[in-house]
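Since the structure of chain A is already known, use the hints to place chain B on it.
Sequence order for the protein chains is A and B.
Each position in the first sequence, counted from 1, maps to that position plus 6 in the working numbering.
Each position in the second sequence, counted from 1, maps to that position plus 4 in the working numbering.
Calculated from the structure, these hints are not laboratory results.
A portion of the hints provided could be inaccurate.
Okay, derived cross-link-like pairs now, BS3-like style, lysine-lysine, Cα gap no bigger than 30 angstroms in a straight line [to be verified]:
id : chain 1 : residue 1 : chain 2 : residue 2
1  : A       : LYS76     : B       : LYS61
2  : B       : LYS15     : A       : LYS65
3  : B       : LYS15     : A       : LYS42
Source: prediction; values computed, not measured.
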Amino acid sequence: GQQVMQIPQYQHVQEGEDFTTYCNSSTTLSNIQWYKQRPGGHPVFLIQLVKSGEVKKQKRLTFQFGEAKKNSSLHITATQTTDVGTYFCAAPSSGGYSTLTFGKGTMLLVSP
Amino acid sequence: GAGVSQSPSNKVTEKGKDVELRCDPISGHTALYWYRQSLGQGLEFLIYFQGNSAPDKSGLPSDRLSAGRTAGSVSTLTIQRTQQEDSAVYLCASSLGGTANEQYFGPGTRLTVT
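Isolated chain A, as found in the complex (with noise of 0.2 angstroms):
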């Protein structure tokens, strides 16, 4: 079935560093979508790419869409504390349903 490998697992960075996460697929994509999940709580919708070669920006954060539409990044400039938890990203299953697949997400650690 549809897989996005998402790297690294995990990184830890020093608060005004920047960070960047990958999502990757071997299928072109319709669409996908980045979650945050802060620690112990529950994933919250950040952004949807839909158009190839689309680029977003929410503040710090820079959402990019490959051209190819098989891979996407989210990159955290200036990192602050507050930007802790993990990042997922989820593109549709291949399954035919209404069902995404979630990529086993990046820990992001931010030390003052």
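Showing chain B alone in chain A's frame:
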């Protein structure tokens, strides 16, 4: 309006007992999803409802887990004869349906089987 709610927030049960976990989706959301998340792990898809029907049950790991949904709204996930491996956070999410719509997650139920 209210978000997705789940109850109980925490449940401790003895091995072998049955448990029921409840999810109240956002009003008007036709799609409902159950996931399981073990400590420090990703989201394991369990089952998907569209209205009252469950077209995708592919994620249910064993026949001890089942789920139902009434009136296209509240859903209950039942785990029979709980095992220690069932210990996890069970998350429910709802959406307007379709993979182009974001999922809204509830706070989860933390299940501990002793």
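Quick rundown of the hints versus the structure:
no., hint, in the structure
1, A/LYS76 <-> B/LYS61, "holds, 26 angstroms"
2, B/LYS15 <-> A/LYS65, "violated, 38 angstroms"
3, B/LYS15 <-> A/LYS42, "holds, 25 angstroms"
In summary, the structure is inconsistent with hint 2 from the numbered list given earlier, while agreeing with all the others.
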